[in-house]
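So the protein lines, in turn, are chains A and D. Going left to right, the first sequence walks through residues 1 to 252 as this note's numbering numbers them. Going left to right, the second sequence walks through residues 253 to 504 as this note's numbering numbers them.
If you are wondering where the hints come from, they were derived from the structure by calculation, not from laboratory data.
Some chain D residues near chain A, calculated using beta-carbon distances under 10 Å: (1) Phe289; (2) Gly292; (3) Asp300; (4) Tyr316; (5) Leu337; (6) Gly349; (7) Tyr351; (8) Ala391.
Covered stretches of chain A, going by a simulated chain D footprint (3 or more residues, C-beta under 8 Å): (9) 36-42; (10) 50-64; (11) 81-94.
For each residue, glycine too, the CB sits at the ideal point set by N, CA and C.
Protein chains: 2
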Amino acid sequence: MCQLLGLNANTPTDLVFSFTGFSQRAVEHKDGFGIAFFEGAGARLFVDHHSATESPVAQMVRNYPIRSRHILAHIRKATQGGVALENTHPFQRELWGRYWVFAHNGNLTDFKPKLHAAYHPVGQTDSERAFCWLLQELAKNHASLPSVAHLSETLAELVPQVARHGTFNFLLGNGEALWAHCSTRLHYVLRRHPFASAHLQDDDLTVDFATQTTPTDRVALIVTEPLTRNEDWIALTPGELAVFVDGQRAAL
Amino acid sequence: MCQLLGLNANTPTDLVFSFTGFSQRAVEHKDGFGIAFFEGAGARLFVDHHSATESPVAQMVRNYPIRSRHILAHIRKATQGGVALENTHPFQRELWGRYWVFAHNGNLTDFKPKLHAAYHPVGQTDSERAFCWLLQELAKNHASLPSVAHLSETLAELVPQVARHGTFNFLLGNGEALWAHCSTRLHYVLRRHPFASAHLQDDDLTVDFATQTTPTDRVALIVTEPLTRNEDWIALTPGELAVFVDGQRAAL
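This is chain A alone, in the form it adopts within the complex (with noise of 0.2 Å):
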């Protein structure tokens, strides 16, 4: 199994933080990892099919605070595909002019879905697979950009389809918002004001949040295990799907 990291924030924010507790986990999780940045419109992925702990991209990733409102991340443990590049996540596509990325925690079996428009899978791994049936199926509902809120609807119609094959916790971003579907765990913390100090599960690193934000800020993150040991995550329930937009959970 794999695991996920996403934030959703109102205002430009580093990981660097909560990076380097996550990668960490990489330990167990040694088939690659995947970090995604949008900074607006734009996106950067970076991808290494090294475990995190040793991947000297992941080593820059730690040292270099990329700001950015909406980060996906994961580190992989090959369940189906190979170790390889095209296999690593998060995986890129482009709709309706906005990039579009995904990250999934999970396994699906029999799920092969008729891809017989414009996504098709680059690697062999059962996540990309149903990303791109997802991206399919978006695009068949809506001819440009919808609201979140539409968005979200159509989502919470497909993504049950793709849930009855197996395990399908899933991060999913596209510079503006984030949705987040817990097939078996998922939990998120909202931080905001007053900001507090926060300290890693994983590692013996403490930050106070208070000094790097101002009243305003406001950042939600998003992992399939609380990174955190004093902080209040809230664990999604199995089948729950979950929008977040300016660092806060919106409506479905």
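Given the coordinates of chain A, work out where chain D should sit on it, guided by the hints.
Frame of chain A; chain D shown alone:
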């Protein structure tokens, strides 16, 4: 104007030496840089809207010898589209289950093609618009991935339709072949046995390729302006489309 750098080889090759010289040119071309490495079917794209001389991402690329058979790089001096991540080359899309990467040097005026299918620009550049149109038309002409020869034939029909709008030097790669089109300036060199030393134009650096290669290695390097002083660089002629496969120039 921007500068282009492409590598096509029959064996995974690192670009540290050439990228070091190339990124020196970013003092003048300071509005971002990008580099794409194919590794098997996978691709990784490093982009930054900081200059290649200052970017921590470029520094990582100079220090981390990523070995690849297909590399495309670009340093940008903005003409159309602001200095922003979404306007930074190379651009990447997927077609027929393969990644395609595109970088452009030049300026197209009044180029407003109909983009009625699956490829839409995220940023504001003429370059991304041209790339989207090329992929749209390739997709119309072939139902699935054709041979390199058939692709070259189709491109030879499509490219002049864009090139009549202005300067259209470009590199296009899909991890199998690298196409280079010259409107004004583009040079290439073929490195093969017996390998010699090369001395960078822009930096006080010499490398002896003989110590780093085997007799069967073949490397094609394509750049806007020759990178080294003592190699036989060949200038493409205006209007010429070239394709490189396995480190050699292939017939069109």
